[in-house]
Amino acid sequence: MKTQKLFESPSHTWLMFGRDEDKPNEIIDTNQYMVVSKNNSLLMDPGGIELFSAMLAAVIKQVPADKITHLFASHQDPDIISSLGLWDQALPSATLHSPWLWESFIRHFGMNNIKYSAIPDEGNTLKIDGISLDFIPAHYLHSSGNFNVYDGEAKILMSGDIGAALEPVDAPLYVDDFDEHIGKMKMFHQRWMPSNDAKNDWVRRVRKLDVELMCPQHGRIFKGDNVKRFLDWFENLEVGVLHKT
Amino acid sequence: MSDLSQNYFVSVAEIAAKLDQATQIAQQLSLTASNARAVALRAGEKAAGFRPLTDFIDRLADITIRSSKRINKLAAILSQTSAEKVRADGAMKHFNSVYILAKDSPFINSLDKVYLRCKSAQQSLDNTYKKQIDQLSDELSELSNELRNAVILATLSRVEASQAGSEYQDALVNVADNVEGAAGKIKDHINYSQQMVAELDEY
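Protein chains in written order, with numbering that gives the first Met the number 0: chain V, 0 to 244; chain C, 0 to 202.
Calculated from the structure, these hints are not laboratory results. Worth double-checking, as some hints may not be accurate.
[What the hints assert, rightly or not] Here are the computed lysine-lysine pairs in the DSBU-like style, where the Cα-Cα straight-line distance is at most 35 angstroms: (1) C:112 to V:66; (2) C:92 to V:37; (3) C:130 to V:114; (4) V:37 to C:102; (5) V:22 to V:60; (6) V:207 to V:114; (7) V:154 to V:185; (8) V:4 to C:184; (9) C:118 to V:22; (10) C:112 to V:1; (11) C:17 to V:126; (12) C:118 to V:114; (13) V:114 to C:92; (14) C:102 to V:126; (15) V:66 to C:92; (16) C:118 to V:1; (17) C:112 to V:37; (18) C:92 to C:17; (19) C:17 to C:130; (20) C:102 to V:114; (21) V:114 to C:112; (22) V:4 to V:222; (23) V:66 to C:118; (24) V:114 to C:17.
Can you build the whole structure from these sequences, using the hints too?
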């Protein structure tokens, strides 16, 4: 499991964990993100159950366990949060922020100790040590209750499955050639995202944000102009289709 | 690692299912007891020797139903405990590998409290699991002993049936066959469960 620092300021740091060479071949590689502030940390989309040991080992190299006070699950999928039953034992005093829609489903992963903080459909803001982290609605992209995390100070948007690409574990961290990258994203976005209306609504809102890094849960990170290129491409993409060549 | 150590919770669920079947057969035994009483009543003096046996069949049915329900409940609780044990064992495996993977981390000790708590929960589940296995084993032995009486009861019923005259003989022999058949089936389930429980106990 590789750890990469994406942003650092006196108030907080963004870390990315991923490119796990030891993961089983049959499962998809995932990116996990963590915001570390003075006394707290928010771990986003902490991953599948089979990834737990590698993830906790990577995280514990950065911060002590009791500093991981918040978890975030953008939606209900197993590659996002099936490790919850284990985090529940490792971090009994933490709070999980996740869409209200999925609470009764997500609890099936095993949740006896961690507190569930249900995010309303319109989103809300989590403040940790003076840092504002906004939960931005991204419903139907690709889950019916779904959120991104936006940090206005770091100009980072953790975009979940939006911008995801299916790649090998040794793929570079950042998108270098956007046009070449389209081939790795197109089918995924068309098949897994069902609503053009929802997509265009999301694009309109994200255009108003100041985004320097757009960080998806699979594949490479979009930086600078590639964020705008992604929004343009996505806006023109017809989604919710089974097969389109 | 043996198959059983990996799949013991499946074995426990299998035992629970077997014992559920045994409970259903025990209900049949109860019907047989009612039937025996009705035939004996109709036969009057001709089945005078059979009548006391119907009380024993009734008692056997009652004991078997109550006992198999109790065993069934125990097996269901054991199944729940074993599923929790699998989860706790899995968590410990994960935590152990974190200690190896992050051995150089300056914060590795921050996991100690969690580790000890999970270890203690795992130990407590282990103890509960063993206690429940013993309880189940004792209950199974007790029921198995009770079912031995079914063979004697069936033999006595056949003897009395032969005295009842041709009009009622077939019906009473049928009662004896049903008692023996149901008890035999329940015993098969109990034996199977006892073998499985013995294996789980060793594990």
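Cross-check of the supplied hints:
1. C:112 to V:66: Holds - the C-alpha atoms of residue 66 of chain V and residue 112 of chain C are around 14 angstroms apart, at most 35 angstroms.
2. C:92 to V:37: holds (31 angstroms)
3. C:130 to V:114: Given that 35 angstroms is the threshold and the Cα spacing comes to 33 angstroms, the pair holds.
4. V:37 to C:102: holds (24 angstroms)
5. V:22 to V:60: Holds: residue 22 of chain V and residue 60 of chain V sit about 19 angstroms apart, inside 35 angstroms.
6. V:207 to V:114: holds (32 angstroms)
7. V:154 to V:185: holds (25 angstroms)
8. V:4 to C:184: Roughly 67 angstroms separates the two Cα atoms, so the pair is violated.
9. C:118 to V:22: holds (26 angstroms)
10. C:112 to V:1: holds (26 angstroms)
11. C:17 to V:126: Violated, because 55 angstroms separates the two Cα atoms, which is more than 35 angstroms.
12. C:118 to V:114: Cα-Cα ~23 angstroms, so holds.
13. V:114 to C:92: holds (25 angstroms)
14. C:102 to V:126: Cα-Cα ~32 angstroms, so holds.
15. V:66 to C:92: holds (23 angstroms)
16. C:118 to V:1: Satisfied, since the Cα-Cα distance of roughly 29 angstroms is no more than 35 angstroms.
17. C:112 to V:37: OK: residue 112 of chain C and residue 37 of chain V at ~22 angstroms, within 35 angstroms.
18. C:92 to C:17: holds (31 angstroms)
19. C:17 to C:130: Holds, at roughly 21 angstroms.
20. C:102 to V:114: holds (29 angstroms)
21. V:114 to C:112: holds (19 angstroms)
22. V:4 to V:222: Roughly 14 angstroms separates the two Cα atoms, so the pair holds.
23. V:66 to C:118: Satisfied, since the Cα-Cα distance of roughly 22 angstroms is no more than 35 angstroms.
24. V:114 to C:17: violated (39 angstroms)
Checked against the numbered hints above, the structure breaks hints 8, 11, 24 and satisfies the rest.
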